[in-house]
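Participant: Chains as they are written, first to last, in our numbering: chain C, 1 to 178; chain U, 1 to 164.
Source of the hints: derived by calculation from the structure; they are not laboratory data.
One thing to keep in mind: the hints can contain errors.
As the list claims (entries may be wrong) - Sample of chain U residues at the chain C side, in silico, Cβ under 7 Å:
| # | residue |
| --- | --- |
| 1 | ILE8 |
| 2 | VAL14 |
| 3 | GLY18 |
| 4 | THR19 |
| 5 | SER23 |
| 6 | HIS26 |
| 7 | ALA28 |
| 8 | ARG64 |
| 9 | GLN164 |
Heads up, the beta-carbon is just placed ideally off N, CA and C, and yes, glycines get one too.
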Amino acid sequence: MKNKLDTRTLVLIALVSVLGLFSKRLISPAANLVTDFIRIPGGSFATGFSLLFLVLGRTMANRRICATYMGFLQGVLAMVLGISGFQGMLSIVVYTVPGAVIDLVFALGKNGPDSLTCLLAGMLANCSGSLLTNGLFFHLSGLLFVLWMLISMTSGSVGGLFACHLSKKLTSIRSCQV
Amino acid sequence: MKKGYGKIIGILAVLLFGTVVLSAFHLARQGETADRTVVILWNGGEQAVNLASVPLIEFEGEMRRKVGDPTPHTFQGIALPELLAHAGIDPELIAGVQITSEDNYQVDLTRDEVTADHNVYLVTQMDGEELRSIDADKYLPMIVVLQDDFATRWVKYTVRIEAQ
């Protein structure tokens, strides 16, 4: 695995970070339909789908702490652009930790970026983000907390799996062009 | 079936099953017990705060009307600054709040009013009675402003608090 961040990787990191950040804003209204119906705080459900971009970026760039960089960049952008809501400076932590978890899962994965690794990366990343936001802001407990975590794990898993398939498609398109 | 797909399908099936079962249980439980959720908005973000997850206190207060004597009541609820802090909002940083009820009645409160001692509370019980929505099919809290001359700015059926 290469560690040097070349221009192509940096562009990929920037692009994927921005896509992930703004996709959450696009997905949120639809995701809130589900969370409002279940009557739990929104956010974790939509985040699962936006995290797919971090998994995608990590899979395509294949650099060790690439997802951490992307998460950090998203956190800084969210704070600077004022879209971090009530999180303020803590948005950097809230965005960076899931990225670090993705890197950790990929580092521990023995089979490279396969579907199972991507699924686990998405699931655990969203899980860590939800745990963090719950500890810092929501303070949910009991059944509500378990449900909130299950929803975040489910959406993270689906997001991770989708990222894996998207990555394969994009890689095959790139191969065809080359 | 490709190797590893069994595990993936298994994980997704367990998660989906757990989510559906717990969601159904949660919704059924809410119907039986309490809804008590208010949406707090600030700085472009929003979050639903379930009042079952915040520490509620009991306190005394008077309801003053333009006609008749003030009536003392016992409330159970949370001071608004504490609720805002619980939602990650520093009450000292806001200009004020706009409270909205289920029937779209709106009241504005300034920061000084919100942060004043023993003044603005979001209450879930009055005299031991759970406060309900207009149709009485769920539980909704009420905003009380204890230092006002009259209770005209108290907001029954509160569903939304927008910090400005």
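Participant: So, for every hint listed, does it hold in this structure?
Facilitator: Now the hints, each set against the structure:
| no. | hint | result |
| --- | --- | --- |
| 1 | ILE8 | 6 Å, holds |
| 2 | VAL14 | 10 Å, violated |
| 3 | GLY18 | 5 Å, holds |
| 4 | THR19 | 5 Å, holds |
| 5 | SER23 | 5 Å, holds |
| 6 | HIS26 | 5 Å, holds |
| 7 | ALA28 | 11 Å, violated |
| 8 | ARG64 | 34 Å, violated |
| 9 | GLN164 | 13 Å, violated |
Hint check: violations occur at hints 2, 7, 8, 9; the rest are consistent with the structure.
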